[in-house]
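Whenever a hint applies, use it, and build me the whole structure from the sequences.
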Amino acid sequence: MAVEFEKKSLARPEGEAVKRRAFSFFTASLALISCFATSATSIPMMAYWTDALGLTSAEAAMTVVNYFGGCVLTLLLFARFSNLLGRKPVVIAALLCGIIACYLFSTAQSASGINLGRFLQGLCCGLATSACMAWVVDTAPREKAWLGTAMTAAGPNIGLSLGTLLTGLIIEYQVLNPAHLFETCMGLLMVGIILSIFSTETMRFGTESIGQVIIPKIALPARLRRLFFVGVSAYIGTWGVSSFFQGFSGQFALIVFGQSSVLLAAITYLLLIIPIAVCSLLSGRFNPIKTTFVMITAFLVGTAGVFINLNLQNQWLFIASVVVAGAAMGGTWCAVLKFLLMDATLKERAGLISALYLGAYVGSSIPNFSVGQLAKNATMADISCGFSVWITITWLIVVLALLFIRKGPSAAEAKRFN
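All letters in the sequence shown, in the order written, are residues 24 to 441 by our numbering.
Since the hints were made in silico from the structure, they are not lab data. No residue lacks a Cβ here, since even glycine has one placed at the ideal position from N, Cα and C. Certain hints may be false.
As the list claims (entries may be wrong) - So the derived label-pair ranges between C-beta atoms look like this:
hint: 1; residue 1: G77; residue 2: G281; range: 15 to 23 Å
hint: 2; residue 1: A404; residue 2: S433; range: 42 to 50 Å
hint: 3; residue 1: I278; residue 2: F228; range: 47 to 55 Å
hint: 4; residue 1: K42; residue 2: D405; range: 54 to 62 Å
hint: 5; residue 1: A343; residue 2: G234; range: 47 to 55 Å
hint: 6; residue 1: V317; residue 2: T402; range: 30 to 38 Å
hint: 7; residue 1: W169; residue 2: V324; range: 22 to 30 Å
hint: 8; residue 1: V324; residue 2: F427; range: 21 to 29 Å
Unchecked claim - DSSO-like cross-link-like pairs, simulated, lysine-lysine; straight-line CA separation at most 30 Å:
hint: 9; residue 1: K42; residue 2: K370
hint: 10; residue 1: K370; residue 2: K438
hint: 11; residue 1: K430; residue 2: K313
hint: 12; residue 1: K167; residue 2: K438
hint: 13; residue 1: K167; residue 2: K42
hint: 14; residue 1: K313; residue 2: K370
hint: 15; residue 1: K167; residue 2: K313
hint: 16; residue 1: K438; residue 2: K313
hint: 17; residue 1: K167; residue 2: K370
Structure below.
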């Protein structure tokens with residue numbers, strides 16, 4: 024029924040239908056990028072808030088946990104709401120959550136205000152993860168279907184890159200003060216709402232009932248369960264490291280470069296996130312299983328280099344290791360999405376993507392929650408040792424699971440290995 028509705032909604036003269044589809048793809052991509060770009064503003068701002076409000080390391084780590092908490096709550100309870108209400112209403116709700124979060128940041132005077140704002144940003148990005156990403160895949164150009172998957176993987180990181188870079192430059196050179204910066208973000212999100220209103224809906228209202236979507240469940244096709252285990256393990260392991268950078272990029276800059284500021288915190292995070300975005304786009308054309316093997320190994324090497332050189336305080340090797348780790352993360356994420364969405368139906372997309380990101384948010388919050396509880400007593404050397412174990416376990420699980428599946432693949436799995 025959903026597929027019939029999509030075809031019916033685009034049943035216009037061919038040229039007009041293509042233009043409407045392209046406009047909707049642009050809107051969905053912009054909404055996805057905007058949600059994560061405005062979310063990224065708080066990452067380099069942690070250096071500013073730590074100084075201005077006297078935040079402790081534990082409080083900085085808990086802002087990440089609150090963000091992930093909002094994401095998890097959304098993906099658990101509202102992941103398939105776009106199958107009930109349609110993609111557009113849920114995307115608009117995501118953008119509204121982002122607007123409220125930016126308002127709270129513009130008036131923040133304590134850690135509690137920042138934590139509430141980060142929680143709302145988690146709601147925003149959680150809704151964007153399910154509805155925006157599904158809308159992006161729905162409206163991707165028919166002749167370039169891979170572009171939908173690539174944008175789904177790269178869009179959040181493009182947004183994180185832009186938001187981090189622009190925030191660092193704007194605050195460092197006093198183009199805007201923090202309050203005006205967040206007001207500008209509110210304007211960007213409002214533009215996304217307006218464009219969404221005039222875009223094409225791809226999911227019929229009531230495709231699933233309220234009873235079906237309100238009950239938390241992992242919407243996972245049986246044919247993909249073993250591959251999903253591989254994918255979610257890869258996401259959990261890599262996200263655990265990338266999320267750690269969100270709360271601690273300012274402290275990394277202080278350790279490695281000897282000083283910290285909003286701009287240096289932004290640059291440190293960009294060293295990770297730009298390669299993620301670039302490699303997410305570039306790896307979309309390659310065999311996803313082979314790419315996963317290569318990228319998860321590069322992740323092991325690059326991330327180990329990050330923590331080794333963080334303790335050695337070698338600037339150039341630290342920079343190189345962060346870039347390698349970021350590229351490996353981006354390639355892994357795109358490859359995983361590609362082999363999971365290869366034959367997913369329109370109705371399966373939102374639930375499948377949400378299940379993957381739900382696992383990633385829950386699993387990757389574990390190391391950050393641990394740091395938040397232990398930060399008062401643990402040194403960076405202790406934290407580095409813990410993450411070294413984390414990345415090694417990730418590599419072993421992903422590689423061994425793929426080798427096991429390859430020995431006796433099902434029909435759906437064999438299609439991906441070929």
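Taking the hints in turn, this is what the structure says about them:
no. : hint                     : in the structure
1   : G77 to G281: 15 to 23 Å  : 21 Å, holds
2   : A404 to S433: 42 to 50 Å : 45 Å, holds
3   : I278 to F228: 47 to 55 Å : 52 Å, holds
4   : K42 to D405: 54 to 62 Å  : 56 Å, holds
5   : A343 to G234: 47 to 55 Å : 53 Å, holds
6   : V317 to T402: 30 to 38 Å : 33 Å, holds
7   : W169 to V324: 22 to 30 Å : 27 Å, holds
8   : V324 to F427: 21 to 29 Å : 23 Å, holds
9   : K42 to K370              : 24 Å, holds
10  : K370 to K438             : 21 Å, holds
11  : K430 to K313             : 15 Å, holds
12  : K167 to K438             : 20 Å, holds
13  : K167 to K42              : 15 Å, holds
14  : K313 to K370             : 28 Å, holds
15  : K167 to K313             : 21 Å, holds
16  : K438 to K313             : 13 Å, holds
17  : K167 to K370             : 20 Å, holds
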